[in-house]
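Visitor: So the chains spell out like this:
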Amino acid sequence: MILHILNRPPSSSLTYREALASMGPEDRLLLIEDGVLGALPSQVRHFESVTGRLFALREDLAARGLDGHCDAAVQVVDVDGFVQLTEEADKTVSWS
Amino acid sequence: MILHILNRPPSSSLTYREALASMGPEDRLLLIEDGVLGALPSQVRHFESVTGRLFALREDLAARGLDGHCDAAVQVVDVDGFVQLTEEADKTVSWS
Amino acid sequence: MHDRDTQLGGDVLVILRHPPHGSSWLREGLDAALVAAAFGQAVSLLFMGDGVMALAGGQGQGPLGQKGTAPTLDMLAMYDIEALYLESGALSALGLNRDALQLPAQPLEAADIANLIAAHRLVLTF
Amino acid sequence: MHDRDTQLGGDVLVILRHPPHGSSWLREGLDAALVAAAFGQAVSLLFMGDGVMALAGGQGQGPLGQKGTAPTLDMLAMYDIEALYLESGALSALGLNRDALQLPAQPLEAADIANLIAAHRLVLTF
Amino acid sequence: MRYALLVQGPPYSRQAAHSALRFARALLARGHTLESVFFYHDGVYNAARLAAPPQDEPHLVDAWRALHDEHGTRLQVCIAAALRRGLLDEREASRHGKTGHSVEPPFELTGLGQLIDLGLGCDRLVTFSP
Amino acid sequence: MRYALLVQGPPYSRQAAHSALRFARALLARGHTLESVFFYHDGVYNAARLAAPPQDEPHLVDAWRALHDEHGTRLQVCIAAALRRGLLDEREASRHGKTGHSVEPPFELTGLGQLIDLGLGCDRLVTFSP
Chain X
1061 MILHILNRPP SSSLTYREAL ASMGPEDRLL LIEDGVLGAL PSQVRHFESV TGRLFALRED
1121 LAARGLDGHC DAAVQVVDVD GFVQLTEEAD KTVSWS
Chain S
1061 MILHILNRPP SSSLTYREAL ASMGPEDRLL LIEDGVLGAL PSQVRHFESV TGRLFALRED
1121 LAARGLDGHC DAAVQVVDVD GFVQLTEEAD KTVSWS
Chain L
954 MHDRDTQLGG DVLVILRHPP HGSSWLREGL DAALVAAAFG QAVSLLFMGD GVMALAGGQG
1014 QGPLGQKGTA PTLDMLAMYD IEALYLESGA LSALGLNRDA LQLPAQPLEA ADIANLIAAH
1074 RLVLTF
Chain F
954 MHDRDTQLGG DVLVILRHPP HGSSWLREGL DAALVAAAFG QAVSLLFMGD GVMALAGGQG
1014 QGPLGQKGTA PTLDMLAMYD IEALYLESGA LSALGLNRDA LQLPAQPLEA ADIANLIAAH
1074 RLVLTF
Chain U
174 MRYALLVQGP PYSRQAAHSA LRFARALLAR GHTLESVFFY HDGVYNAARL AAPPQDEPHL
234 VDAWRALHDE HGTRLQVCIA AALRRGLLDE REASRHGKTG HSVEPPFELT GLGQLIDLGL
294 GCDRLVTFSP
Chain W
174 MRYALLVQGP PYSRQAAHSA LRFARALLAR GHTLESVFFY HDGVYNAARL AAPPQDEPHL
234 VDAWRALHDE HGTRLQVCIA AALRRGLLDE REASRHGKTG HSVEPPFELT GLGQLIDLGL
294 GCDRLVTFSP
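Protein chains in written order, with the numbering used here: chain X, 1061 to 1156; chain S, 1061 to 1156; chain L, 954 to 1079; chain F, 954 to 1079; chain U, 174 to 303; chain W, 174 to 303.
Accuracy of the hints is not assured; some may be wrong.
For lysine-lysine, the following DSBU-like pairs were computed, each having C-alpha atoms within a straight-line distance of at most 35 Å [unchecked claim]:
no. : chain 1 : residue 1 : chain 2 : residue 2
1   : X       : K1151     : L       : K1020
2   : U       : K271      : L       : K1020
3   : U       : K271      : W       : K271
4   : F       : K1020     : S       : K1151
5   : F       : K1020     : W       : K271
Across the chosen pairs, the derived CB separations fall in these ranges [said to hold, decoys possible]:
no. : chain 1 : residue 1 : chain 2 : residue 2 : range
6   : W       : K271      : U       : D296      : 37 to 43 Å
7   : U       : E263      : X       : Q1144     : 44 to 50 Å
8   : U       : E277      : W       : Q228      : 24 to 30 Å
9   : S       : R1105     : W       : G273      : 48 to 54 Å
10  : U       : A239      : L       : D1027     : 44 to 50 Å
11  : S       : Q1135     : U       : A239      : 43 to 49 Å
12  : X       : G1141     : W       : P278      : 33 to 39 Å
13  : U       : D235      : X       : G1141     : 28 to 34 Å
For the record, the hints were derived by calculation from the structure and aren't laboratory data. Each residue gets a CB set at the ideal place from its N, CA and C atoms; glycine is no exception.
All chains should be modelled from the sequences, with the hints used to inform the complete structure.
Guide: Structural data, given as structure tokens:
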């Protein structure tokens, strides 16, 4: 399993397409920084192909007033959980 | 007439939508830097709403091997023409 | 203020296109607006694209405890910056509720945005 | 080389996502690839998204006479970097002709890209 | 006409500063005046006096300086953006108790109000962002 | 596990460096080792010794230094990326005939090969880009 990390929102950047195109069937995607906008119910459709493997960073959601506004399909992790995701992954790939 | 200047390509950035949404019926749009990728025949459809008012910078096309590969709907100007466009405009607005 | 609102005009229009925290664009754009206002100019703000996130309620601190831009928004009125606009399409695209915004801003359709830009002497995009 | 090509594997995969001239990403990514190769690692390159523009023929100089990255591409073979891949969808989205590319690179579909990434110990994205 | 430029992109990593220099030369060649280049956001890195690019690459700091020397264009750097990023002239370094400095004339640290003055006072302000 | 971080974002203008510092603290808190932070692209600006942010803002250069002091994490700066951008230690300044320097220990200018070594030698390399 590879952890992909995305820090751009699908509302303004198409980088998410490259991240998704690069993901294997077991890989996970973590949204951080401005990328957490992708976890909004209005935006999460862009990540349909990785349902169940989509994560968002709690601290970055909270900073933007979005903690609790995430779509239910998104698994929210704090930075400790972020580290844990990197432990469980064989490697990480960052998309910006 | 306002000159809008865009340096991001529609193939990776959605900034072009903000530029287009901000343009009045007489305004012009100049593609520079990586933005000139938008002048390719495969990409120019994104700029349909400003047909006849779409420009691209020759030097930036040439640097990317694209001089002569522009869509016919795009008016190619060199940097002297860029200055001239700013002379003719009331003001300029840059989008990045 | 009312006149300026209905006429959409002013000296300086600052367009804020980036969301809070991910970059310094929003803060540096707001700084430019505050300075222009402090210099006596009639300043308007347009929140556009992801920039409408600047208006979201309940914002917190950044990764290293930065206070973010939400406190700055509360200072706008003190600087007489009361002409606040937002791109209506961006708000709905992000699914934000207008009632939940930290500050009220007037929603604009695309045609109005072009008019707003035309009606200011100086337009700065951040 | 042939084995590595068919197996898509190697030590270091450098993913190049940005077009030439607009930023230093492409050049700095290529520098990382050259250094890895000089250190004896088996290096693969994947041109993805706008990064496929790096392969366009007939590139020229930058605004202040910078030589750009096209000359660097010619050095790849000297460093034994021969595993070159490109995102097939990006090439067609930009309407580039494969025959007009400066260097041949093997087109990959999405599933192959995931395999390519999985088959390298270190993946760097630029 | 009287022009001013706003440069918000860092040197080397983005084309913005290169584009701005090219535009500056072109507007001067057309007989216009370039009052000032204002550096804001990561554009303030253009003022880094110690920049040492390889010999076969353009030297942006020198290119800005040449613009000033030949045409009297002011090179104004937003002081708030600069201090955060480690760009201090001798005066600011001493004010902050630091030894050494990273910005020197003809670049001048100045307030953001100058940008507003330029934008409203010049005939054209053209922005180059990253 | 042995971690290394690659930081490519400048301080202040983008969140990347802030995110990296937060991640660094979290991995250390989980008992891992952080061998090195490698700064490349505009990330090299994190090493600017003269940075003077306002008192109510985080001081990134100091925060990196604290990481080194407390945990022995190396702070490695790509020398080629740094020189172009005006980030020189005393040795490079003298080698380029410049007076003054903009980088000081514990930040160390080093070759890009170190990044490859870290990427292949550590258990995890995590990249924070702008």
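Visitor: Hints first: check each against the structure and report whether it holds.
Guide: Hints and how they fare:
1. For the proposed pair K1151(X) and K1020(L), the alpha carbon gap of about 33 Å is at most 35 Å, so the pair holds.
2. For the proposed pair K271(U) and K1020(L), the alpha carbon gap of about 26 Å is at most 35 Å, so the pair holds.
3. Distance restraint check for K271(U) and K271(W): the Cα-Cα separation of roughly 18 Å lies within the 35 Å cut-off, and the hinted pair is therefore satisfied.
4. With a C-alpha separation of about 33 Å, the suggested pairing of K1020(F) with K1151(S) holds against the 35 Å cut-off.
5. Of the pairs offered as hints, the one joining K1020(F) and K271(W) holds, with about 26 Å between alpha carbons and a cut-off of 35 Å not exceeded.
6. Here the CB-CB span from K271(W) to D296(U) is close to 38 Å, well matched to the stated 37 to 43 Å.
7. The hinted window of 44 to 50 Å between E263(U) and Q1144(X) holds, with their beta carbons roughly 49 Å apart.
8. Hint check: E277(U) to Q228(W), Cβ distance near 26 Å, so the stated range 24 to 30 Å holds.
9. At about 53 Å, the beta-carbon gap between R1105(S) and G273(W) stays in the expected band of 48 to 54 Å.
10. Between A239(U) and D1027(L) the CB atoms are about 45 Å apart, so this pair conforms to the stated range of 44 to 50 Å.
11. One distance hint, 43 to 49 Å for the beta-carbon pair Q1135(S) and A239(U), is violated here, with the actual separation near 32 Å.
12. As the Cβ distance of G1141(X) to P278(W) is approximately 34 Å, the hint placing it in 33 to 39 Å holds.
13. In this structure the supplied range 28 to 34 Å is violated for D235(U) paired with G1141(X), their Cβ-Cβ distance being about 49 Å.
Hints 11, 13, counting from the list given before, are not met by this structure.
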